[in-house]
Amino acid sequence: MTLPRFYPIFESVAWLERALPLGVKLVQLRIKDRPAEALRADIRNGLALAQAHGAALVINDHWQLAIEEGADWLHLGQEDLDTADLPAIRRAGLKLGLSTHDHAELDRALALSPDYIALGPVYPTILKQMKWHEQGLDRVGDWKRRVGDIPLCAIGGMTVARAEGAFHAGADIVAAVTDITLHPDPEARICDWLRVCA
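For the record, in the sequence shown the residue sitting at position 78 is 78 according to the UniProt record's numbering, with numbers rising by one throughout.
Please keep in mind that the hints were generated in silico from the structure rather than gathered at the bench.
Some hints here could point you the wrong way.
[Claimed, not checked] Taking lysine to any residue and the SDA-like style, the derived pairs with C-alpha atoms no more than 20 Å apart in a straight line are: (1) Lys25 x Asp72; (2) Lys95 x Gln64; (3) Lys25 x Thr2; (4) Lys95 x Thr2; (5) Lys95 x Gln51; (6) Lys32 x Asp80; (7) Lys144 x Cys197; (8) Lys95 x Leu110; (9) Lys32 x Ile67; (10) Lys144 x Arg162; (11) Lys25 x Ala56; (12) Lys144 x Leu3; (13) Lys95 x Asp85; (14) Lys25 x Ala52; (15) Lys25 x Pro4; (16) Lys32 x Asp82; (17) Lys144 x Glu164; (18) Lys25 x Glu11; (19) Lys25 x Cys191; (20) Lys144 x Glu134; (21) Lys95 x Asp61; (22) Lys25 x Trp15; (23) Lys95 x Asp72; (24) Lys25 x Ala48; (25) Lys95 x Gly77; (26) Lys144 x His101; (27) Lys95 x Gly70; (28) Lys144 x Asp102; (29) Lys95 x Leu3; (30) Lys25 x Ala14; (31) Lys25 x Leu194; (32) Lys95 x Thr83; (33) Lys25 x Gly54; (34) Lys144 x Ala169; (35) Lys144 x Pro4; (36) Lys25 x Val160; (37) Lys95 x Ala56; (38) Lys32 x Glu17; (39) Lys25 x Leu3.
Model the full structure from these sequences, guided by the hints.
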């Protein structure tokens with residue numbers, strides 16, 4: 001499977017409204033701490049926006065809503081795997097991305113035949129507190145050798161300037177969060193990403 005090389009991750013539909021018209025074709029909606037009905041509305045609206053722009057929207061964590069709202073893609077962290085109904089997810093035909101941080105998690109992920117595997121944090125990240133230190137580009141190369149043809153996504157501290165190094169090390173996809181959302185001109189930054197990942 002060939003996926004777009006640029007993979008921004010946003011916490012609201014408002015960000016999708018800004019990014020999708022610029023040509024983003026793979027994007028994750030990662031919403032935390034929203035009331036159930038508001039969350040459902042966000043996922044529904046996000047899916048409609050993505051479809052209108054010919055993009056793939058990956059729903060983070062909320063697998064039941066992803067199934068109910070007809071999503072095509074789901075991303076699960078390792079903690080989410082403990083409670084997700086994987087047979088139901090597969091029956092629904094959802095494509096699945098999984099987070100990994102160490103060899104045990106990678107083995108667990110590979111056993112589930114995911115549609116992509118994410119490794120992070122490649123660089124130090126300010127987005128959330130993590131028990132893992134930066135993985136570095138050597139680990140990206142090691143992961144790519146281990147995952148073979150499964151697309152590998154590099155995440156964590158990624159910037160436009162660091163993207164080329166991640167691709168050279170073996171990443172197929174680079175995910176970005178704060179490099180866009182904290183940038184003084186997010187639209188211009190998204191365009192920079194699209195150019196470097198073309």
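Hints versus structure:
| no. | hint | result |
| --- | --- | --- |
| 1 | Lys25 x Asp72 | 13 Å, holds |
| 2 | Lys95 x Gln64 | 14 Å, holds |
| 3 | Lys25 x Thr2 | 12 Å, holds |
| 4 | Lys95 x Thr2 | 13 Å, holds |
| 5 | Lys95 x Gln51 | 16 Å, holds |
| 6 | Lys32 x Asp80 | 13 Å, holds |
| 7 | Lys144 x Cys197 | 18 Å, holds |
| 8 | Lys95 x Leu110 | 14 Å, holds |
| 9 | Lys32 x Ile67 | 18 Å, holds |
| 10 | Lys144 x Arg162 | 17 Å, holds |
| 11 | Lys25 x Ala56 | 6 Å, holds |
| 12 | Lys144 x Leu3 | 15 Å, holds |
| 13 | Lys95 x Asp85 | 14 Å, holds |
| 14 | Lys25 x Ala52 | 11 Å, holds |
| 15 | Lys25 x Pro4 | 7 Å, holds |
| 16 | Lys32 x Asp82 | 18 Å, holds |
| 17 | Lys144 x Glu164 | 15 Å, holds |
| 18 | Lys25 x Glu11 | 17 Å, holds |
| 19 | Lys25 x Cys191 | 12 Å, holds |
| 20 | Lys144 x Glu134 | 17 Å, holds |
| 21 | Lys95 x Asp61 | 13 Å, holds |
| 22 | Lys25 x Trp15 | 14 Å, holds |
| 23 | Lys95 x Asp72 | 6 Å, holds |
| 24 | Lys25 x Ala48 | 14 Å, holds |
| 25 | Lys95 x Gly77 | 14 Å, holds |
| 26 | Lys144 x His101 | 13 Å, holds |
| 27 | Lys95 x Gly70 | 12 Å, holds |
| 28 | Lys144 x Asp102 | 13 Å, holds |
| 29 | Lys95 x Leu3 | 12 Å, holds |
| 30 | Lys25 x Ala14 | 16 Å, holds |
| 31 | Lys25 x Leu194 | 10 Å, holds |
| 32 | Lys95 x Thr83 | 18 Å, holds |
| 33 | Lys25 x Gly54 | 7 Å, holds |
| 34 | Lys144 x Ala169 | 8 Å, holds |
| 35 | Lys144 x Pro4 | 17 Å, holds |
| 36 | Lys25 x Val160 | 17 Å, holds |
| 37 | Lys95 x Ala56 | 11 Å, holds |
| 38 | Lys32 x Glu17 | 18 Å, holds |
| 39 | Lys25 x Leu3 | 9 Å, holds |
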